Amino acid sequence: MIVALGERSIKQTFRRPQLMAPLIIFPTLLLAIQVGGAGRAVDLPGFPEVNGFLDFMLAGAMIQSTLLAGNSGGIALALDIEMGFTDRLFAAPISRFAIVLGRLAGTAVLGALTALWFLAVGVIFGVRIEEGVAGALLMIVLVTLSAVAFGGIGSAIALKSGKASVVQGLFPLVFVILFLSSAFFPEALLQEPARSIAAWNPLSFVVEAARDPVISAFSADLLVEGFLAVGLVAAIGLTLSALALRSRLRTGG
Amino acid sequence: MPEIAIETRDLQRSFGDLVAVAGVDLEVSAGEIYAFLGPNGAGKTTTVRMLTTLLQPSGGTAQVAGHDVVRDAAAVRRSIGVALQEAALDPLMKGRELIQLQATLHGMLRPEGRRRAEDLLERVGLTQAADRQVGTYSGGMRRRLDLASALVHEPKVLFLDEPTTGLDPVSRKSIWEEVEKLNREGTTVFLTTQYLEEADNLADRVGIIDDGRIVVEGTPGSLKAEIGHPHLEVKVADGTADRATEVLKRFGKPMPAKDGAALVELETGAAGVAPVVRALDDAGLAVESLELVEPTLDDVFVAKTGYHLEGDEGSEGSDPQELAEPEPAP
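So the sequences go chain by chain: A and B.
Sequence positions in the first sequence follow the numbering used here and run 1 to 253.
Sequence positions in the second sequence follow the numbering used here and run 254 to 583.
Any given hint could be a false lead.
What the hints assert, rightly or not - Derived DSSO-like pairs: lysine-lysine, alpha-carbon spacing no greater than 27 Å straight-line:
(1) B:Lys557 x B:Lys511
(2) B:Lys409 x B:Lys426
(3) B:Lys488 x B:Lys511
(4) B:Lys347 x A:Lys11
(5) B:Lys488 x B:Lys502
(6) A:Lys163 x B:Lys347
None of these hints come from the bench; they were simulated from the model.
A quick note: this is a predicted structure, and the numbers were derived from the prediction, not measured.
Extracted from the complex, chain A is given alone in its bound form (with noise of 0.2 Å):
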């Protein structure tokens, strides 16, 4: 059954080339700027030891990728809010937490896809990952997980608003959220109060165990950490996707 919502998912999502935009354009768009007009950034005091620019920009862009899929996600359920169309799911003798998770099945799926393309186009324009294939398979399994997380979050909030406009409106949000982190930026180079905000942002965590095994050999701690930002984002989704649904569901909107 979830498969099956997941599948619905995917389809609906290439089936609305307004939602994959984001996921796919705008991100390899922004990496192409940043690379080619920031590149000379890595000569500065303090960064990071990489091979170029792009190295240390692609995991960034993996994970801005995936915080858009989960927020396409949420503008998708809203749409089906707004249609009706959920009103046929809960009318279903499934669980009604099974119409999210078949959205963030179809959303990790988008996570994945995501994640190879930015692994290609890595490839292709000269990233060297230095752990090689594991290195590549974890990035795709951290991305892919963190498009779950970010999920739960579009979920949550296209249930308790109901309205794709409402999650639309928060797509700005995002790029405040990846600015703030470590995402685009060392975090040590950041100035106040952005650096101490970002030593804290989940993203920085999951952004530097995807960044790792790309610039470096494998640091178990930054991957531990980064899985438990994970979980700690996805937890706090799918708790607040279940108040949501619970809560629409009794008052009926």
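Go by the hints and put chain B onto chain A.
Using the frame of chain A, we list chain B on its own:
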């Protein structure tokens, strides 16, 4: 299935201070077509949503197919098919995909779901359009697809919320025929409508709801008979209406004149028309037009609520489930 397919006792639902359903008692027998007739905002959709477990009641109880809608909601959902107002269909899905998804949600394995989808698409005449996206379908096609998806698991009880609103007469007739066919096959049908003709033509029994309460219930025939008898409207040549009224008095209770026509209640119905015509002819009155008017469900509605169902503003009550308009998708 139990003999009573749907039963409610003092069913209530409020949204804050707004009382949408004020206490509904009804019983629908297995195999019956029951129509819930009322204007927008009367409480029809809210009642359906409670019976289909989409909304929890604020008070009272309801059982569908022998299961309580709150305590045994999952069992209710296994037993019912639902086609809601607005035919909530994903415009990006293909017709076949939708029915197959519905089949999966009802526990069918994919091969069985595919077979069932083919059967249902053929039944509702959508085989040719099955691989097109629903967004390309006409209103009638969407309604037929909605109905097909509600039937995928052969439900014992089918809920149809205003199934023909917005459809052209041909599409409406096609839906009616399908509903009648389903009923002949044993499905209990609970439908809501604001169309008198739909309730009159389809339903075994009608419940008229207004302001969240059932005001009267019965077969269409018994409801109309309760209101009164047919009346005859006779238009005669100018200046002779009073003489016509005197003649008509011999055949029944006279009624107030309307648009220059003399009216009389005719207890014998159509059988009494010929004697009246002969009497008018014997009196030398030239009849311009003559019409036997049967009581309608609207007459019943007016008698019970004080206003017409069709073409009137209707109740001041508001059913938020019926009045809420979804925002257009971005």
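Against the structure, the hints:
1. As the CA atoms of B:Lys557 and B:Lys511 are separated by approximately 22 Å, the hinted pair is consistent with the 27 Å bound.
2. Restraint check for B:Lys409 and B:Lys426: satisfied, since their Cα atoms lie roughly 23 Å apart, inside the 27 Å limit.
3. A distance of roughly 9 Å separates the Cα atoms of B:Lys488 and B:Lys511; the hinted pair therefore holds under the 27 Å criterion.
4. Of the supplied pair hints, the one linking B:Lys347 and A:Lys11 holds, its CA atoms being roughly 11 Å apart against a limit of 27 Å.
5. Of the supplied pair hints, the one linking B:Lys488 and B:Lys502 holds, its CA atoms being roughly 15 Å apart against a limit of 27 Å.
6. Between A:Lys163 and B:Lys347, the direct Cα distance comes to roughly 24 Å. Compliance with the 27 Å bound is thereby established for this hinted pair.
In terms of the numbered hints stated before, the structure departs from none.
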